Each structure stands twice: as structure tokens, then as C-alpha cells.
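S.K.: What follows is the residue order along each chain.
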Amino acid sequence: MTLRIRFAFFLLMLCQFTWAQSDSIKLKEVVVSDSNLKKYSTSQSVQVLNDSILDRNQPSLTSLLNFNTVIYFKENGLGMTSAPSFRGTTGAQTAVIWNGININSQFLGQADFNTIGTRDFNSITVKAGGGSVLYGSSAIGGSIHLNNDLRFKNEFSNHVFFSAGSYNTYSANYRTIVSSDKYSLQVSISRNSSDNDFKYPGNSDERNINGQYYNTSMNTTFGYKINANNTLKAYSQFYDSERHFSLTSPNASKTKYNDFNTRNLLEWESQLGRFTSKLRAAHIGESYKYFPSITSNNFTYGKVETSIIKYDLAFDVNDKIKLNSIVDYSRNKGYGSSIDNVKREVGTASLLLHHLLTEKWDYNASIRQEITDNYGNPFLFSFGTKYDFTSFYRLKFNASKNFRMPTYNDLFWERSGNPNLKPETSYQAEIGNEFFRKNFTLSITAYYNSIKDLLRWVPGEGGGDVWAPENTDKVRAYGAEVLVEWKPKFGQNNFTINGTYAYTVSESQQLIKNELIYKQLIYVPYHKLTGSVAYNWKKLSSYFQYLYNGEVYTTPFNNRASKIKDYNVGNIGVDYDFGAKNSYKIGFQVLNLWNENYQPVTSRQMPGRNYTIYINLNF
Amino acid sequence: MKKFNKLFLTVLISSAFFVSCSNDDDNNDEPRGDYENGIFIVNEGNFGKTNGTISYLSDDLSIENNVFSLVNPGKITGDTPLFIGFKDDAAYIVVNGSNKIEVVNRYTFKSIATVTANLNNPRFIAFANGKGYVTNWGEGSDPADDYVAVLDLTTNTVTSSISVVEGPEKIIENDGKLYVAHKGGWGQGNSLTVINSATNTVVTNFVVGDVPSDLVKDNGTLYILCNGKPFYADVETAGKIVKVNLSTNTVSSTLDFTGITHPGFLDIEDSKVYYTIGNNIYSMAANATSLPATALFKASDVTNLYGFAVEDNKIYAADAINNQDPGEAYIYSLTGTKNKSFTVGISPNGFYFND
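Here the protein sequences come in this chain order: A and B.
Each step along the first sequence adds one to the number in the numbering used here, with nothing skipped, and position 203 is 203.
Each step along the second sequence adds one to the number in the numbering used here, with nothing skipped, and position 101 is 101.
So here's chain B without its partners, still in its complex pose (with noise of 0.2 Å):
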């Protein structure tokens, strides 16, 4: 009872307090809703179970869990989120295991429409043409039923398909086309396709590494992080970065890394490319024709580095501990200073910027 009185007390202060903010924030600029700006953590759950969920950061540092539930009571993310994306004012939320995108308003949160039909085994999704493409493994272990769903963002449904070689995993979208990494489902898959958004067809498919699982564009390059083969494959084998020029569709140069090692994320920032090896973050000049000697830093209170970004001068590493219970996330200066960390969901994967 106690407790219950003290509750209330603080509601009623703390009222008082937002009721008094809103009024001396009476700026021109009117904010759009309780999630602009900040950083959307998508947290998987496991599989098999509906306990995914999305963590919200706001830009003064402040964590909300499961976000997506409290604002729309009774539905929950489900099964597997994999991804956001945003586009205009929606955010599209690719939930692998329930075989469904949620979409919302990318400011409010508020559901807008929840996608079903003509999904199967959804992953990723990219915009280009006014349209969504969603990549789509099909059956893990069926490699020739494996599609990019073309989505129509005006009425949200799957207009139709493209139909692409096994385990098409990450798609980015430049200049009108698609550029979809095959990871390989099941398998391990080496190849990039290229999909023409104006005719919805592949324009070209061709082998880049084994196993690429991180795309970044930047400055007219495509930036490929290839895993390598892991060591269950039938032959190991050690990852590489690999460019591709973005006006030829042709791979401009590799970088191997030695031995057998495989990195594990990319990310691009102020001409800079960052990667990691275990929990070991990397960095060197995009333009850079070897890969550096030594780490940057490593990220030390990590134990299962599940999720990576850099931005605005900070790097965000989300730690999925026993992939069982709820995750880290932390954020580090770019030379390795840890400033924050919060508890988020469970295997945490990434960071999506609102902005």
C-alpha cells in the first residue's frame, strides 16, 4: 500500500512536470511524436517464441523497451524481428518468424498496417520506385523458391515477386536499383544481385565472396563485408571486404583477410570504415588498399557482439550475451571510451536511426 501511494505521488508530480514542459516548449518546431529521432534497437527474441521486441534510445539517452507493444496495446512484434526500415513517415518492421512486416508511423509508433499475405521467411527490406522490396528466403532448405517481394507502400500488400538464386539476406537500394547480398539461407551463398526497380527484373548476378552479409553504400562504392565460409562448411573459409563500383556493377578491388578469420559487421562514417573480428572493432580509411595491423579498441564487456553502427562519432555495439536472456547495448567514443550502456531485449541485432 505503501508502495501504491508513493507510485501515485509520483505520477501526479511527475504530471505535473510534462504538463509544465509541454507549455514552455512551445517551439516552432513541433515534434511529430514520442520516437523522432533517437534509435530503434530491434531486439529477435528467439525463434519459435514471440519475444521479440523494439527498444527505443532517445537522443538525451533514455531507454524504452518494448515499445512497439506499449503503444499498441494487444499487439505484440512476434517472432523473429529482423529489421527496420524507414520510409516517408513509416517504419517497416520485417518479423522473420511470424512471416509478417509490421508497418507504423516511424515518429509515433502507432501501427498502421500489419502485412501478411505472400511473405515467406521475410528478411530484409529496401525502397526504390515508390515500392518496397523485401527479400524472402522461402523454405531454408528449398534453394529455388527464394524471392524479393515487390510491396506496395500505398496499400500495403505484395503486388508481386522476383524470384532470385538461395539465402537472399541484406538489399540496398541506389540510384533505382537493388543491390540484394546472398547470404544463403541454410547454405552459404557468394553472390550479389542486382535488381532494376523500374521493371522489376534481376539486371545481373554475380559472385563477390563467400557468404556477404553486410552492405554499405557510400560515395558511389558498394561496401560488401563477406564472412568466409564458417568452419562446418565444407572447406573453410577466411572473410574479405569487397567494393563494388556502383556505375559499372562490377567489383573495383577486395580486401582478404588473413588465415581463416571472420569478420563479423561493417559500418561507414566520415569516409572511414569500420568492421569487427569477434569483439574487436577495426577501422581504416574507406580508400585504404590493406587492411590495418592492430584493433582500434576492443569492446571488452562484450560477450556476443550480435549488432554494430557508427554514427555521429560514436560507436554502438549490442551485446546478445546468452542470446537468452535481455541484451546490452553500449556506446563507445571512436577510439573505444565506453559512455553508456543500457539493458535492452532479448539478442539485440542492430541500430536504426530515426533521422
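Okay, chain A solo, but in the shape it has when bound (with noise of 0.2 Å):
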């Protein structure tokens, strides 16, 4: 009922729009920074969020993918931990890549999407289903790409960004760009930050309580052309963050939890002929502090350093045929309150190929072997081709086996960490259609994925306090998602309009009174769908989005009294450029527009209505 009053006013906010304009599109010189995510994914889904569609996003990773993209979030309040489901899969099965690399959390395997911020990237790319043999561990359900591409062109830019918002929110973020043809330079620095005190909505008069947070971050890109055939690129990232959790109850405990998080990566490429060789070398730095009570200086805390080493040789055989071969090695030394100076080394050696047979037809084929002492040694594969039945229909289709290792709290937790644990392995499957027009495209994707030796934190036998990781479920994922982008334009009126919509069903199998029955997993929706309409007119544009999440189950057996139940949340924006050389744009936003009450996990409250002033400057 809710949800079709919704469509109405979206449909309603769509006629409003048609007076509008947009960014037009500048073809620019870009080294990107992931080549393998293009070359190797041919056969997959794949969906670029850019800057524009950045800057108009909240700063954290999790608003900027709820709000376009299929995958679900589990977010605990708002600005505080979240984890997406991804297909189906749990937050430990998505991969995040930053510039090539996987910064996924060794401790709990997983990444925290609201600890990444978004405005320190050029864009980020959404790929769906496995991308294990590219990637390694955890792209099982997909993988989110954070990259900060290059320009090698005169150039001196600088972006401001600020805004202010309810609740004391503050958001700064400063970019400036120096390049020439020989060298090119980025910095971008961030800043968030919000008392994030709101009032619950709805009759309440409950608030909430210690949900502060701030977070600093700075991303630097640089690049230097040696030659022409050798090129050095070196990325660099600090985060730093303290948020205060909210609070469930008035009384409970007031908690604080920090992050600091490095990122270093040095690229040396060289090209000789038709070979192309790419060194880099990484250093991954990871750390927590939880204070379990702010007014005491007690916290536990944890730390892992991870050096990689990765050579990729591409070879291309002709102009149809395309290899790479990459080595790679990786080192992570742990330690903390529960972890005792612990060792993990992984090597891996991969092989991808991809083949045009025709113009209209290509496939790839890729193996990678992982070498561990710490769990098993999977052997991975992929398998992906694309066929271009028209000059308006694609079909593409995937098959690949992924894993998710053993997370360092799994394997080493003290006392309770299991040494004999196996990776989590799935085989999955997907066909992708493709309808595109000039203006127009519309992705259609059903997908099958079946994971085995799930892990999994369990009471142990008899009950009581001890919990201990095993490898003990098996999931069966299968669902369907529809990507859909538009851009008409009328006279000086443009149009952006895209939508997403996911049908999933991830069911595990639960002994429930001496019988085995499929029940889906906790915290995955059946429905998700997601809306915007953005416009432009001359100096003018505005946009609207719009997400639906359908309920969850937050229970294994599905309990049905502990439901979540099913959200609304809509979006609106408007800003004026009146720059006349450079583009100053000043704007306003409105979130959660019609004040949905709502929780998307159990007793975490999220915010009414709300509003946020921004300017945007660039020149």
C-alpha cells in the first residue's frame, strides 16, 4: 500500500522535472587505475558510479550504493557499522578494491562501509557476482572498486566541497589536480563529521544518544611518465575515524571505537612491445581500538600490517588475443588484545585470457591457485563469454569458482580461533541480457550461486558462553537483477533517470525440530529497489531518489514476529550554478523526505527527515 503511494508521488516528482539540463560528458585522457577490472569483466555486470553522481551522495560508501546500486545494506544506525549483502551473500563475501587492491579487513574479513568515504575517488564501480580469480578472497557475491585514475594533460584544478547539514553534520572535501603530459599529481583531502543527535522520528520523544562521529581522510595519486614506455604511479591513503555507537537503551553502556587504516601502493609499468609488465608493491595497514566505556581509558584493540608483491605480465598475441599472468605474494602480521603476534603468508599465481573470436564475440578463461599454510590451497577458475546477437541486444554469460579465506579471528582469535578451518568455496553462475539504445540501457541478470563451508561463529556444544568459528553451511543463492538507465533529452531539458531493482532468495539449510529445512538468511531482502531522476536545465539541476528495501527476516529459523519490516526513503536535490567561467554550484538537499520511520537492523533507529546546504566549487 505504502509502497505504491510512493510510485505515485515519484511519478508526481517526474513530471516536475520536465524543464531540466545535465553535466554534459568530456572524453578525457584517464589511466586507469584497474585495467584488469575492463579487460577481464567483459562478461559481467558492471556498473560506474562517477563523480556526479558523488558529489550528490552523502559521503559514506554505504549511503552512495544503497541508493544506486542492487546491493543491500545492514547498516547499524546511521554513520555506524554496516555491512552489505551483496546477491545474497554475507558482508565477508564482498570484495573492496582500492586501486587494484583488496583492503577488505583481515580481522573480520570483511570491509565496514561506513568507515570508507566516497569523495576521495574519481568513481567507483560496482561489479556483480565472482571475482575471485582476479581479486582473491571474498568476491563471492561481488566487488566494490574505489579508483583514483590519472590524467597526463596540463592541467591545474582544484574542487572545494563543503556542506552543513542537520545535526551539526559537516562535510569538507578539497581536490586539486597538477599534471602535464610528463607528470600528474592529485590530492584530495576529507573531512566528515556530524553530532548525529537526531530526534527518532514519529511520536517519540527518544533521541539519539552518543551516535557523534568524525572522519579525516586524505588520498594522494601521483604519476611520472620515465619514458615513453615506463610509467611510476604511487597511491597513498590515510583514514582516521572515532565514532561513539548509538545507543539502543538511554542507559546502556556509551561505547567509542576507532580506526586508523593506511594504504600505500607503488605501480612501476613498462611497456616492451607487445608485452606490458606492471611491478607493485603494497603496504596495508589496519588497526582498531574499542573502548567498551567512553569515560574509562580501558579499550581492547588490534592491529595487521600486510605487505603484497604482484607482478602482472600481459602479453598481447595478436590483436584478438590477450593474456596476463600474475604472481603475487602477500604477508600479514597480526597482533592485538585477543590476537597474538600471528603470521599469515599467501601466494597466488594466475593466468586470464581473453579471446575476440569475431566482433561481435569474445570470451575469457582465467585459473588462479592460491598457496597457503594456514588453510587449504583453493584452486579457482572463471569462465565468461559475450555475444552481440544485434546492434541493440547482448548476451553475456559467467560461470566462476570463488572462495572467502579464513579471516585472522577465525583462524587465530586466542583460544577459541580453529587452525583446521577450510575457505569457503561457491560456484556460481550468471546470464546477463543487454538492451542498449543511444540514450537507453536495460541489464537483465539471473544468477545462480551455490556456497559451501560457510563460516560461521557458533555456540559451543551443551551451550553457554564458548562460541568457536567452524565451516558449517551451506547456501543456495539464486535471484534476479535489472539495471535500467535513460537519458532523454528535450530541447535544453536532460534527463538522467536510472533505476535498480534485485529479487533475491539466499536460503541456508537450519535443523529445526529434528528436520532440515531451507530458511532464508538473516538480514537479505527479497526486494530491493532503487530510483533517481536527475534534471537539468541551463544552470539549474535538480534529482530524486528513491529506495525501497523489502523486509528481512533478522532470525535463522525466519521467525516471523522479528521482522523488519519493509522501508521507503526518498531524496531530493537542487542546485544552481553561477559560475560563469569555473562552476560554483550551491545547493540543497532534503533526505529522507517523507520522514520514514524506520530500522534497518533491529533496535537502530535511523533519522527523519533532514536537510543539508552544500557548495561545490571548481576551478
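Think of the hints as simulated: they come from the structure by calculation, not from any bench.
Any given hint might turn out to be false.
Unchecked claim - Which residues of chain A face chain B? A few of them, derived with a C-beta cut under 10 Å, are: (1) Ala252; (2) Thr602; (3) Met606.
Bear in mind the structure is a predicted one, so any value in this text is a computation, not a measurement.
No residue lacks a Cβ here, since even glycine has one placed at the ideal position from N, Cα and C.
Since each chain sits alone in its own frame, please combine them into the complex, following the hints.
M.R.: Below, the structure is given as C-alpha cells:
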């Protein structure tokens, strides 16, 4: 019922936008930070979110992806810990790739999507489905790619973004690009903070207590063309944040959490005839501190340092056949309150082939072997093909085996970690249909995914307080995704209309009263829908965003009483560009337009209607 | 619409019944409330979520879930209720994660007060000398901030606190003294504290065994079930049953479990001790000097025994199942025949007899 009302509203908004315009897309000479993503993902669903989308969304990766993709988020209150479910998988089965390097936490095996800012990146790419051959552990449900792409041309530009919103929410970002045809430098600094003390929507007089947070990040990307055949690139990121975790009951103990992450990557690319060699060395540091009570200085902590060396040799056999061989060695060392100075070494070798059979038909086939002492040595593969039947219809097929390795906590947690764990493995297949016209694309993808040896922490025999990790369940997930984009233009009125829809069934077997029954995984909605309409007319632009999350179960046996109800959230924004030569925009946003009262997770309230004003200067 | 009509009819008919029932029931034994007698079951819910609830099982074996919120609209039990203590006409629900005690009338379950000040990680409550004594962990990782809060039962405020060693858990009263088992917070405790309620001071603290988790008094003796240190501890140890002489406050005897057995729960009924290992139920004479070799029976329906009691020739077992879905409460005969089972709330932890 409510859904229908929202749709009516959605349509109404659409009508109002019939007088607008859009950023024209300029072609830039860009050096992509992750070229393999393009080359070996042609048979899969890939969605690129560019800087205009990054600017208009809230700076957290959760908010960006929630409103623009099929990925469902289990967010423990605004700004608090947040885990994705991509195609019915868990947070640890979604890989986050920073300039080609997997940065999922070594402790939890997953990234907290509220500790990744979006404004430091040029583009963010969402790739659905298996990607373990290229990106390793966790790329089961899909992968999120954070890209810093470089331009080699004479340029000096500055970008300033500042916003202020309800609950003392401030966001600032400064980005500069200094480049010539020889070198290119990009520096980006971001700061976000909020008191986050919103009043619960509805009639309640309760407030969000202890939800304040801040984060600061800096990203530097540097490229240097030594000569025509050699390029050196350096990427660096620092991220520092403190979050007080929102309380679920007014007198609960107040806690806080610090994250500090550093990421550094050096890359040397040389071109030797038909060979391209890429040597990469990376260092990733992650650490956290948890204060169970903010009134005391007691804390628990953990720290992992990871070093990676990766060598990628590409060979273009001819115009049609491309080969890549990649060897990769990574070593990490972790310690902390419950991790006792342990080391893990992983080596991998991959072979990738891309073959253009005809103008219309290509395929790729890849294999990967992983070698380690700490868990099994999985062999992975991927095969995909794409065929253009007509000028407006293309068919894609992809099948792969993927994996997730046990995490530091799983293996090494003091006295309950289990050294005999196997990695999770997944076999999956998908079929994608793409329809396209000049200003229109529609893709419909159906998939099936079977995951075994799922890693879970379960209570010990006979109950009690002792939980330990095990390879327990099996999950079967299947569903369909629809992505649509339409960019109609009527005179000076430019529209961009985007929509996504996902239908997801993801089930594991549960023993209920001595009977094995398949039940939907917790926090996986059967339905998720997003939509957006952007409208530009001369110097005025506006947009409307819509999100619908279907109801989810919160218990393994799918208890109906504790289901979380579905919710609809809409945002609206308008900005005006008052610059003559440069772009100087001032804008206004209303988030949660109809004051929806919702909790994505049990007891975790989200804010009602709230407001943001921003300026966005490019010069 | 059809459904609604049916419902309406049902309500109409049943209300007629209720009216006639209460007319017939005009005995001199005036009922004091809907929840007189019967058993409360505390369902912890999940830590960090406010989905803890209280269930009520009446003497005629009908179950009503979520009674606190039903009787007190707009109020919730909160985050991880652990225990209900009874004193006079009141029941005190200790809610650990929400740092509060909900005080209700034990017969009507109507709210009387909510105590929130000066509680920090409250666990259990006992009563002596007209006061309530509430064990508090403070911060779980801090060994120096643990205390027993003294609750003034007339004003429902915490008036003072008694500092104790880490991890005070179960507490019971005997003859004006309070006995506190130090299960150990996030670590593993091994001692018992005795508090004099006349002076609110610690009389003594002595070692009883690793991880003392259940306290029952019977016939001048305090029976303490010690779980033993778990496998993730520095050294894993076996559990034991320790008997303390309540007049001398010293350990009078100890029954050791063999190997590295970790027993779960303990209760005493009619001079018989009942305890559990996994979902096996054992029994022995209270004065037995050795542990029985075989179990009384195995509660094979139970997957995750989380609460246990023996009362009026019945054995009660709470099954938390997966700690996320609603749990089950089972009633067995003393010989292990399953009589009845009920679906209750999430993570049921025990049975609190309102008599």
C-alpha cells in the first residue's frame, strides 16, 4: 500500500522535472588504476558511479551504494558499522578493491562501509558476481572498486566541496590536480563529522544518544612518465575515524571505536613491444581500538600489517588474443588484545585469457591457484563469454569458482580460533541480457550461486558462553537483477533516469525440531528497488532519489514476529551553478523526504527528515 | 474481513465466558492479579538489542509471552534482562545491557519504578535487612570497579555500594548475610564473598572453585556449582560442586567432576541435588559423597540448555536453540518423561516461581 503511494509520488516528481539539463560528458585521457577490471569483466555486470553521482550523495559508501545499486545494507544506525549483502551473500563475501588491491579487514574479512569515504575517489565501480580469480578472497557476491585515475595533460584544477546539515553534520572535501604530459598529481582531503543526535521520527521523544562521529582522510595519487615506455605511479591513503556507537537503550554503557588505516601502493609499468609488465608493491595497515566505556581509558585493540608484491605480465598475442599472468605474494602480521602476534603468508598464481573471436563475440577464461600454510589451497577458475546478437541486444554468460579465506579472528582468536578451518568456496553462474540504444540501456541478469563450508561462529556443544568458528552451513542463492538507465533530452531539458531492482533468494539449511528446512538468510530482503531522476536545465539541476528495501528476517529460523518491516526513503536536491567560466554550485538537499520511521537493523533507529546545504566549487 | 468478523465473534463469546467465570469464582481467596502463582521465564534477547522479554507460564499451563510490555504499554523490558528477584509484593527485573532494574508488582506486573542511577552492568539481586543487593560488573574488562549496589526498597534508589573483587554474579541471602559468587566478568573468577547486611561490609572472601555459577542453599549448606575454566582459558579445568557450611562460612566438602567436564546448572528439591552436563540431567542425594555415574535422563529435545530448575516434582529446561530465534521451555517429570513444551522468547535463561 505505502509502496504504491511512494510510486505515485515518484511519478509526480518525474512530471515536475520536465524542464531541465545535464553535465555533458567530456572525454578525458585517463589512465585507469585497474585495467584488468575492464579487460576481464566483459561478461559480467559492471556499474560505474562517476563523480557527479559521488558529489550529490552523502559521503559514506553505505549511502552511495544503498541509493544507486542493488546491494542491500545492514546498517547499525546512521554512520555506525555497516555490512553489505550482495546477491544474497554476507558482508564478508563482498570484496572492496582499492586501486586493484583487496582491502577487506583481515580481522573480520569484510569492510565496514561506513569507514570508507567516497569523495576521495574519481569513480567507484560495482561489479556483480564472482571475481576471486582477479581479486582474491571475498569476491563471491561481488566487488566494489575504489578508483583514483590519473590524467597526463596540462592541468591545474581545484575542487572545493563543503556541506552543512542537520545535527551539526559537516562535510568538507578539497581536491587538486596538477599535471602535465610528464607527471600527474592528485591530492584529496576529506573531513566528515556529525553530532548525529537526531530525534527519533514519530511520536517518540527519544533521541539518538552517543552517535557522534568524525573521520578524516587523505588520498594522494602521483604518476610520472619516466619515458614513453615506463610509468611510475604511487597511491597513498590515510583514514582516521572515531565513532561513538549509538545506544539502543537510554542507560546502556556508552562505547566508542577508533579506526586508523593506511594504504600505500607503488606501481611500475613498462611497455616492451607486445608485453606490458606491471610490478606493484603495497603496504596496508589496519588498526582499531574499542573502548567499552567512554568514561574509562580501558580499551581492546587489534592491528594487522600487510605487505603485497604483485607482478602482472600482459602479452598481446595479436589484436584479438590477450594473455596475462599474475603472481602475487602477500604476508601479514597481526596482533592485539586477542590475537597473539601471528603471521600469515599467501602466494597466488593466475593465468588470464581474453579472446575476441569475431567483432561480436568474445570470451575470457582464467585460472588461479592459491598457496598457503594456514588453510587449504583453493584452485579457482572463471569463464565468461559475450555475444552481440544485434546492434541493440547482447547476451553474456559467466561461470566461476570463488572463495573466502578464514579471517584472522577465525584462525587466530586467542584460544577459540580454529586452525583447521577450510576456506568457503562458491560455484556460480549467471546469464546477462543487455538492451541498448543511444540514450538507453537495460540489463537483466539471472544468477545461481552455491556456497559451501560457510564460516560461522556458533555456540559450543551444550550451550553456554563459548562460541567458536566452524565450517558449517551451505547456502544456495539465486535471483535476478535489473539495471536501467535512460537519458532523454528535450531541447535544453536533460534527464538522467536510473533504476535498479533485485529479487534475491538466499537460503541455508536449518535443523528445526529435527527437520532440515531451507530458510532465507537473515538480513537478505527478497526485494530491493532504487530509482533516481536527475534533471538539468541550463544552470539549474535537481534530482530525486528513491530507495525501497523489502522486509527481512532477523533470525535463522525466519521467525515472523521479529521481521524488520520494509521501508521507503526518498531524497531530493536542487543546485544552481552561478559560475560563468568555472562551475560554482550552491545546493540544497532534503533527506528522508517523507520522514520515514525505519530501522535497518533491530533496535537501530535512523533519522527522520533532515536537511543539507552545500557549495561545490571547481576552478 | 471474514477474519475480522470471526475475531469479533470470538472476543464477544469469550468475554461472556470471562464475565460468568469471575462471577462463579467468588471465593474468599481473592486473586491478587493475573500473574499470581505461575512461573516467569526471563528471555534475554540479544545483547545490544532491546528484544529481551518476560514470559508467564500459569499454573494451568498456558503461556503468555512479552507480559511486561503487554501490561505496561509503551514500556519495553530492554536489553538483556538476566534475573527476576521477588520481595514482598514486588518483582525486580535486572536488565543488564540497559543498566536498569524494572520494579513491578509481582501479581499484576504493573510497573512501580525503573531504577537507573548508580548501576553499571547489573547482574543479579538478593534481599536482606529490608534492602536489595545488586551485583554489578562495572566495565567487564576492569577488575577494579566491581561492586554490590545497595538498593533502598522504599525509594527505589541505590544508596550505597560495596566494593568487591571482579565479576560478582549470583547472589543469595541467608540469615542476614549475602553470598556472592565471583564468576569473573570477562575472565574467570573462583571465589565467594560474604557480606554482612547490617553493616554493608565484606565479612570474608575465599576460594571455592573455578567459575562458580550457581548458588543454592539447603538445610544450612550452600551448594555452589563451579563450571571449571573453559577451553579458551589459560588452563582448562574441570567443574566441581562445593559445599559451604553457612554457620561457619567455610568449605565443608567438594565433589570433583572427572576429566575436564563442565557442568551447567544446579538445583535442589526434596533433599536431592539436580545438575546438568550438556543436556544430560543428573540427580543424587544431597548428602552424597560421590557423583552419579549415569545420567537420570537426556533432554534430547533441547539443543542449547540455557536455563534449568526443579520444582514440585517437575524438571524445567529452557532451550535457547540458536540464541536468535524464540526459545523453548520444556517440562519433564522427575524420571524424564516430557510433559509439555512452550515457545517463549529469545534466549530463555531460567524459571522464576512466583509463590
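S.K.: Taking the hints in turn, state whether each one holds.
M.R.: Now for the hints, and whether the structure bears them out:
This hint holds: Ala252 of chain A has a C-beta 6 Å from the nearest C-beta of chain B, less than the 10 Å allowed. Interface restraint check for Thr602 of chain A: the shortest CB-CB distance to chain B comes to about 5 Å, inside 10 Å, so the restraint holds. A least Cβ separation of about 15 Å between Met606 of chain A and chain B goes past the 10 Å threshold, and the interface hint is therefore violated.
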